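Protein chains in written order, with the working numbering: chain R, 1 to 334; chain S, 1 to 331.
Hints are not guaranteed to be accurate.
[What the hints assert, rightly or not] BS3-like cross-link-like pairs, simulated, lysine-lysine; straight-line CA separation at most 25 Å:
1) 241/R - 85/S
2) 117/S - 131/S
3) 117/S - 152/S
4) 135/S - 152/S
5) 226/R - 117/S
6) 117/S - 241/R
7) 226/R - 85/S
[Stated by the list, open to error] Here are a few chain S residues that face chain R, going by a calculated C-beta distance under 8 Å:
8) 102
9) 125
10) 246
In case anyone wonders, no lab produced these hints; they're calculated from the structure. Quantities reported herein were computed from a predicted structural model and do not represent experimental measurements. Glycine included, each C-beta is placed from N, C-alpha and C at the ideal position.
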Amino acid sequence: MLNFARFVLTRAVLAMITLIIVSLVVFSLMELVPGDCAERYLAFKNTQGSGISVADIENERVRLGLDRPFLERWGKWIVGAFQGEFGDSCILRVNIAQLLGDKFWISLGLCLASLMLAYAIAVPVGIIAAASHNAVLNNSLRLFSYLGLAMPNFLLALMIMLFSTVYFGDTLTGLFSAEFRDADWSWARVMDLLSNAWLPIFILGWSATAFALQTVRALMSDEIGKLYVTAAEARGVHGRKLLWNYPARHALGPIVNSLGFDLNRIFNELPIVALILTLTEAGALLIEALARSNDQQLAGAIIFLLTASIVTLNFLTDVMLAVLDPRVRKSIVR
Amino acid sequence: MTALIEVENLTLQFRTDEGLITAVDNVSFSLNKGEVMGLVGESGSGKSVTAKALMHLNARNAVYSLESRITLHTDSGPVDVLSLKTPRDLNIVRGGAVSMIFQEPMASFAPAITIGKQMVEQLQLHGDYSKQQAKNISVEMLDRVGISDAAKRFDQYAFELSGGMRQRAMIAMALSTQPKLLIADEPTTALDVTIQAQVIDLMKDLVDEFHMGIVFITHDLGVVAQTADKVNVMYLGRMIEEGPVREVIRNPKHPYTQGLLAALPKLDDLDAVLTPVPGDIPSPLERPSGCVFHTRCSKIVGDECRQTVPENRSIDPTHSVACHIYSEVPA
Numbered sequence: 001m002l003n004f005a006r007f008v009l010t011r012a013v014l015a016m017i018t019l020i021i022v023s024l025v026v027f028s029l030m031e032l033v034p035g036d037c038a039e040r041y042l043a044f045k046n047t048q049g050s051g052i053s054v055a056d057i058e059n060e061r062v063r064l065g066l067d068r069p070f071l072e073r074w075g076k077w078i079v080g081a082f083q084g085e086f087g088d089s090c091i092l093r094v095n096i097a098q099l100l101g102d103k104f105w106i107s108l109g110l111c112l113a114s115l116m117l118a119y120a121i122a123v124p125v126g127i128i129a130a131a132s133h134n135a136v137l138n139n140s141l142r143l144f145s146y147l148g149l150a151m152p153n154f155l156l157a158l159m160i161m162l163f164s165t166v167y168f169g170d171t172l173t174g175l176f177s178a179e180f181r182d183a184d185w186s187w188a189r190v191m192d193l194l195s196n197a198w199l200p201i202f203i204l205g206w207s208a209t210a211f212a213l214q215t216v217r218a219l220m221s222d223e224i225g226k227l228y229v230t231a232a233e234a235r236g237v238h239g240r241k242l243l244w245n246y247p248a249r250h251a252l253g254p255i256v257n258s259l260g261f262d263l264n265r266i267f268n269e270l271p272i273v274a275l276i277l278t279l280t281e282a283g284a285l286l287i288e289a290l291a292r293s294n295d296q297q298l299a300g301a302i303i304f305l306l307t308a309s310i311v312t313l314n315f316l317t318d319v320m321l322a323v324l325d326p327r328v329r330k331s332i333v334r
Numbered sequence: 001m002t003a004l005i006e007v008e009n010l011t012l013q014f015r016t017d018e019g020l021i022t023a024v025d026n027v028s029f030s031l032n033k034g035e036v037m038g039l040v041g042e043s044g045s046g047k048s049v050t051a052k053a054l055m056h057l058n059a060r061n062a063v064y065s066l067e068s069r070i071t072l073h074t075d076s077g078p079v080d081v082l083s084l085k086t087p088r089d090l091n092i093v094r095g096g097a098v099s100m101i102f103q104e105p106m107a108s109f110a111p112a113i114t115i116g117k118q119m120v121e122q123l124q125l126h127g128d129y130s131k132q133q134a135k136n137i138s139v140e141m142l143d144r145v146g147i148s149d150a151a152k153r154f155d156q157y158a159f160e161l162s163g164g165m166r167q168r169a170m171i172a173m174a175l176s177t178q179p180k181l182l183i184a185d186e187p188t189t190a191l192d193v194t195i196q197a198q199v200i201d202l203m204k205d206l207v208d209e210f211h212m213g214i215v216f217i218t219h220d221l222g223v224v225a226q227t228a229d230k231v232n233v234m235y236l237g238r239m240i241e242e243g244p245v246r247e248v249i250r251n252p253k254h255p256y257t258q259g260l261l262a263a264l265p266k267l268d269d270l271d272a273v274l275t276p277v278p279g280d281i282p283s284p285l286e287r288p289s290g291c292v293f294h295t296r297c298s299k300i301v302g303d304e305c306r307q308t309v310p311e312n313r314s315i316d317p318t319h320s321v322a323c324h325i326y327s328e329v330p331a
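The whole structure should be built from the sequences, with the hints applied where relevant.
See the structure below:
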C-alpha cells in the first residue's frame with residue numbers, strides 16, 4: 001500500500017513535469033506568432049483613428065513586460081497559469097480568466113460526458129458482441145459503427161436540428177435558455193444547462209461510441225483468442241465467469257489506455273458541433289483566437305488548459321491501469 | 001489393466017468459409033490407467049485437435065461424425081464425452097477427471113490473475129472446498145511439483161515466475177483435482193533443454209504417484225522415447241503407425257515414421273547428414289487422395305498409394321501400421 005502511494009506520487013510528479021514542458025512548448029509557440037501583444041493592441045487602436053509611434057509600441061511593451069527575457073516571461077506565465085491566471089487577451093483587452101469564465105469547464109464537461117457515454121455503451125456492448133456468435137447483433141452493431149464513423153458530426157447535428165425544428169418547432173440550439181444565459185450559477189441554471197446539453201453530448205458521443213465500440217471489440221476478439229482463455233475453459237471455467245474474469249478483465253487495460261487519446265479527439269470535434277448548435281464554449285473560442293484574431297494569449301491559455309486536462313486524465317488512467325494490471329503495478333512499484 | 005479412455009472412429013471436421021476441412025480422420029485408440037501415450041506428428045497433423053476432442057473443447061465450428069465415439073471410464077461409470085452438452089456435464093472432462101497442460105505456460109495462465117486464484121477457482125469448480133481448504137491443497141500441490149516457497153508463489157502472477165516454474169505450476173494446477181487423465185500438449189517444447197528434462201522427470205514421477213494416464217503430444221520423438229509407453233504417429237489427421245515406444249523407434253514401419261527418425265540429430269555421429277522428410281505437410285484444404293502421405297513418400301509402391309486408403313495392418317499384436325508396403329500382411 002505504501003508502495004502504491006509512492007507510485008501515485010511519482011506519477012503525479014511526472015505529470016507535473018510533463019505539464020511544465022508542455023507549457024514551455026505552448027509558450028514558445030505563442031512567441032513564434034509574428035508580432036506581439038503590444039503591436040497588436042496599438043494596431044487595433046490605429047484602426048480606431050489614433051496615431052501610433054514606435055515609441056508608443058515600446059512603452060506598451062514595457063508596460064506589458066514584453067521587454068523582459070524569455071525565460072522570465074515564461075516563468076511568470078506558468079506561475080500564473082497554475083493559479084488559473086492567464087493575463088489579458090491581446091485583442092479584447094479583458095482578463096482571460098474572466099473572458100473564458102465557465103466556458104472551458106463547460107467544454108470539458110461536455111467532452112467528458114460524451115466520453116463517459118461512449119464507454120458506458122461501448123464497453124458492455126463491445127464485450128458481448130465480441131463473445132457472441134449472433135449474426136443479427138453483430139451485423140447491426142457493424143452497421144451502427146460504420147454510420148457513426150462515416151457520418152460527420154455536423155451532419156448529424158444538422159439533421160437533428162432540422163427534424164426538431166420541423167416537428168417540434170424548437171431549433172435546440174445553445175446551452176442555456178435566454179433567461180439563464182448571463183445569470184449567476186444556481187440550481188435552476190444547472191438544470192437548464194443539463195436540459196440543453198444532452199444534444200451536444202449525444203452528437204459527440206455518437207461517433208465516439210462508434211469509435212470506442214470498434215476498439216473494445218477488436219481488443220476483446222484479441223483476448224478471446226488467447227491461450228489462457230482456452231486453458232481456463234479446459235479447467236471448467238465457463239459462461240459469464242469465463243467471459244468477464246478472463247478476456248474482458250484483461251481487455252480493460254488497453255481500453256483504459258485509450259481514454260486520454262479519445263478525450264483529445266472529442267475536444268477537436270467540439271468546435272464544429274458548437275458552431276452549428278451555437279454553443280458558447282471554449283473550443284470555438286480557441287479556433288477564433290487561433291485562426292481569426294491571432295490572439296496568442298487567449299489561444300495559449302485554452303491550449304494549456306486542454307493539455308492540462310489530458311495530462312490529468314492520463315495520470316488518472318495510469319493509476320487505473322496499475323490497479324487493473326499487476327504487470328504494470330509490479331514493474332513500477334518496487 | 002483397465003481402459004481409461006477409448007476413442008473410436010473419431011472424425012472431426014471444421015466448418016469454414018472454404019467448406020468443411022477435415023482435421024481428424026477415423027482415428028481410434030485406447031489408453032489404460034497408468035499408461036503414457038505419445039501422440040506424435042508435425043504441426044497440422046491433428047494431434048492437438050484430437051487431444052482437445054477428449055475434453056470436447058474444440059471450437060464451435062467443429063463437426064464430429066456420427067460414428068465418432070469417445071468413452072471415458074470414471075469411478076462412477078463410463079462417460080460418453082461427445083454427448084456432453086451443458087457446462088455442468090462437461091465439468092468432468094474439463095478439469096475434473098481430465099486435465100490439460102499447454103505448450104506455453106506463460107500464455108496459459110491469465111496474466112492479471114494470481115496463480116493461486118486460478119488454482120482455487122478450479123478446485124472450487126470441481127470439489128466442495130472452502131477457500132481455505134482449496135488454498136491449502138494448492139500450496140501443497142505447488143510444493144509437491146518442486147516449487148520452492150510455495151505459499152509465496154501462490155500469491156504471485158505467472159510473469160513473476162521463470163519458464164520452468166511456470167510449467168511446474170501449470171502441472172500443479174492440472175493435477176490439483178486429481179484427474180484420471182492428463183493431456184500434455186507439447187509441455188516441454190517452450191522450455192530450455194535442462195528444464196525439459198526436469199519437467200519430464202517430474203511428470204514420470206507423478207504418473208507413478210497418481211496412477212493416471214497421460215496423452216503426451218509432441219513433435220519430438222526424443223521426448224517420446226523418454227516418457228511414453230506407447231506411441232501413435234499422426235499425419236494429416238490420420239493415425240499411420242501405432243505401437244510400443246521402443247518397438248516403433250527401433251523398428252519403424254511407416255516411411256513417415258522412418259523419415260521423422262532420420263531427421264533427428266544423432267549425438268554419436270555428428271557428421272551424419274540430417275535427412276529431413278521432403279516437402280511440406282499439404283494444406284488440409286487439399287487432402288491427397290489414397291494414402292495421405294503419398295505426396296511426400298519416397299517408397300511409393302504403385303497407383304494404390306494414390307488411389308486407396310491403406311488399412312491398418314498388424315505387424316505384431318501391439319504394433320500396427322497403415323501403409324501399402326505391408327499389403328501382403330493380412331489386415
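Against the structure, the hints come out as follows:
Between the alpha carbons of residue 241/R and residue 85/S the distance comes to roughly 18 Å, so the proposed pair stays at or under 25 Å and holds. Pair hint residue 117/S plus residue 131/S holds up; C-alpha atoms about 10 Å apart against a cutoff of 25 Å. Of the pairs offered as hints, the one joining residue 117/S and residue 152/S holds, with about 13 Å between alpha carbons and a cut-off of 25 Å not exceeded. As the CA atoms of residue 135/S and residue 152/S are separated by approximately 12 Å, the hinted pair is consistent with the 25 Å bound.
A C-alpha spacing of about 19 Å is found between residue 226/R and residue 117/S, which places the hinted pair at or below 25 Å, so the restraint holds. Of the pairs offered as hints, the one joining residue 117/S and residue 241/R holds, with about 13 Å between alpha carbons and a cut-off of 25 Å not exceeded. With a C-alpha separation of about 23 Å, the suggested pair residue 226/R and residue 85/S falls inside the 25 Å cut-off, and the hint holds. At about 6 Å, the closest approach between the beta carbon of residue 102/S and any beta carbon in chain R falls short of 8 Å, and the interface hint on this residue holds.
Because the smallest distance between the Cβ of residue 125/S and any Cβ of chain R comes to about 5 Å, under 8 Å, the interface hint for this residue holds. For the restraint placing residue 246/S at the interface with chain R, the shortest Cβ-Cβ distance is roughly 31 Å, beyond the 8 Å limit, so the hint is violated.
Checked against the numbered hints above, the structure breaks only hint 10 and satisfies the rest.
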